[in-house]
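Novice: Single-letter residue listing:
Protein chains: 2
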Amino acid sequence: MKNIAVILSGCGVYDGSEIQEAVITLLAISQQGATYRCFAPNIAQHHVINHLTGEVSEDESRNVLVEAARIGRGDVEDLIELNEKEFDAIIFVGGFGAAKNLSSFALDNDNYSVNEQVLTAAKAFAKVEKPAGFMCIAPALLPMIYPAGVKGTIGKDNATAKLISAKGLTHIDCDVADVVVDEAHKIVTTPAYMLAESISEVAVGINKLVKYVLAFSK
Amino acid sequence: MKNIAVILSGCGVYDGSEIQEAVITLLAISQQGATYRCFAPNIAQHHVINHLTGEVSEDESRNVLVEAARIGRGDVEDLIELNEKEFDAIIFVGGFGAAKNLSSFALDNDNYSVNEQVLTAAKAFAKVEKPAGFMCIAPALLPMIYPAGVKGTIGKDNATAKLISAKGLTHIDCDVADVVVDEAHKIVTTPAYMLAESISEVAVGINKLVKYVLAFSK
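These protein sequence lines are chains W and X, in that order. Each residue of the first sequence is one higher than the last, beginning at 1 in our numbering. Each residue of the second sequence is one higher than the last, beginning at 1001 in our numbering.
Just so you know, not all the hints are guaranteed correct.
[As the list claims (entries may be wrong)] Here are the simulated lysine-lysine pairs, DSSO-like style, with alpha carbons at most 30 Å apart:
{"hint": "1", "chain 1": "W", "residue 1": "K208", "chain 2": "X", "residue 2": "K1211"}
{"hint": "2", "chain 1": "X", "residue 1": "K1218", "chain 2": "X", "residue 2": "K1127"}
{"hint": "3", "chain 1": "W", "residue 1": "K211", "chain 2": "X", "residue 2": "K1208"}
{"hint": "4", "chain 1": "W", "residue 1": "K2", "chain 2": "X", "residue 2": "K1208"}
{"hint": "5", "chain 1": "X", "residue 1": "K1162", "chain 2": "X", "residue 2": "K1085"}
{"hint": "6", "chain 1": "X", "residue 1": "K1211", "chain 2": "W", "residue 2": "K211"}
{"hint": "7", "chain 1": "W", "residue 1": "K211", "chain 2": "W", "residue 2": "K167"}
{"hint": "8", "chain 1": "W", "residue 1": "K208", "chain 2": "X", "residue 2": "K1002"}
{"hint": "9", "chain 1": "X", "residue 1": "K1130", "chain 2": "X", "residue 2": "K1162"}
{"hint": "10", "chain 1": "X", "residue 1": "K1218", "chain 2": "X", "residue 2": "K1002"}
[As the list claims (entries may be wrong)] Chain X is nowhere near these chain W residues, computed Cβ spacing over 10 Å in every case:
{"hint": "11", "residue": "V56"}
{"hint": "12", "residue": "D108"}
{"hint": "13", "residue": "A124"}
{"hint": "14", "residue": "E129"}
{"hint": "15", "residue": "C174"}
{"hint": "16", "residue": "A177"}
{"hint": "17", "residue": "K208"}
{"hint": "18", "residue": "S217"}
Just so you know, these hints were derived from the structure itself, not from any lab. Each residue gets a CB set at the ideal place from its N, CA and C atoms; glycine is no exception.
Make a model of the complete structure from these sequences and hints.
Specialist: Here's what the structure looks like:
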């Protein structure tokens, strides 16, 4: 059975992993006959957002790994322990956590960087040519992992695409129900909630992403 | 388009809504051509559990409505505002939040009670004979909403079933992929993570629950 490492960045769209994308990814993997283990970095969240008001909770601090455990029903592992030999592919879920905790994209814009643990994990898969999936804003990580010219999509937001393209991404516009595939690097990307207007729309793109990622993993 | 009120109890299986059940419920509603709005009571959580260690976080407190907003991407409403006239049915998601925040079942066992706001909302649907779905441990609420003899399932856990039956539930054992239907009261129940061993198993039962709930709502 194929085994997929799923990388989370907290629990909640505005300060962590987009929960619906995360669950739909796990569901798609399971429904398509594969299995998964979840990982997240053991670091403090950039901040905590009250998801009801959209405001920063100034007096709260939360840990990315601890909060990610909510999505995995307790089953989440420290990203630093991820051994690519145990997996057939890696998938990065979206949400602002990918742009605030896994990288600084939402904070530093044209001068953003990627967390070192995230880089190490992702590059280990790239080095041995194991496939990878990135959804929503997570393709912002691509230029730091793969050579310039790597193909991917964050949907159709020109301003966002331009910032990532400046780092080396060849951005291809994409509908919510579709994926962009970089055959050479075995990378699959889909816009998910960068474009989706309903949860069932998100599921169409993510199901396709998982299908292509599994097809790449021989 | 049919409109379903989905009742959440926080965000995380051990102190709130079971996240995977919640997302799969929203996905099933959307995929089956209906729409939804999420509600949760604006009350403090019974406690906060660190989902990585399973321990109580003694120095933390969180609000049920605020945390539920993480699952709904900000779109969750105060349960006190729920008007049954705007909906065709109501569905209660599982997780310990249903047994710690919506009721005291996990705490008081044979002497448990249900939160007054929850009772008011659920009884409003029952009174006008609108259908209702309850998954996982949420059927513990049934005897306080419906007359004695109401039929439902929490799976196959005899000790748990006995406690709820003592309050008036007629418990019927049920597999994870199936539902128990109380035709007279238009109630559908499924075991979900009371029995499931994988996320795709959970989805089979919840998809069926949503299908029956929608079929009841003419």
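Novice: The structure should be examined with respect to each hint, and the outcome stated for every one.
Specialist: Do the hints match the structure? See the list:
1. W:K208 x X:K1211: Holds, because 24 Å separates the two Cα atoms, which is no more than 30 Å.
2. X:K1218 x X:K1127: It holds: about 16 Å lies between the C-alpha atoms, which stays within 30 Å.
3. W:K211 x X:K1208: Status holds; Cα separation ~24 Å.
4. W:K2 x X:K1208: 28 Å, holds
5. X:K1162 x X:K1085: 34 Å, violated
6. X:K1211 x W:K211: 26 Å, holds
7. W:K211 x W:K167: 28 Å, holds
8. W:K208 x X:K1002: 28 Å, holds
9. X:K1130 x X:K1162: The hint holds at about 27 Å.
10. X:K1218 x X:K1002: 9 Å, holds
11. V56: Holds, since 13 Å exceeds 10 Å.
12. D108: D108 of chain W clear of chain X: closest Cβ-Cβ about 24 Å, beyond 10 Å.
13. A124: Non-interface label on A124 of chain W holds, nearest chain X Cβ at 23 Å vs cutoff 10 Å.
14. E129: E129 of chain W is indeed farther than 10 Å from all Cβ atoms of chain X, at 28 Å.
15. C174: 21 Å, holds
16. A177: 13 Å, holds
17. K208: 15 Å, holds
18. S217: 19 Å, holds
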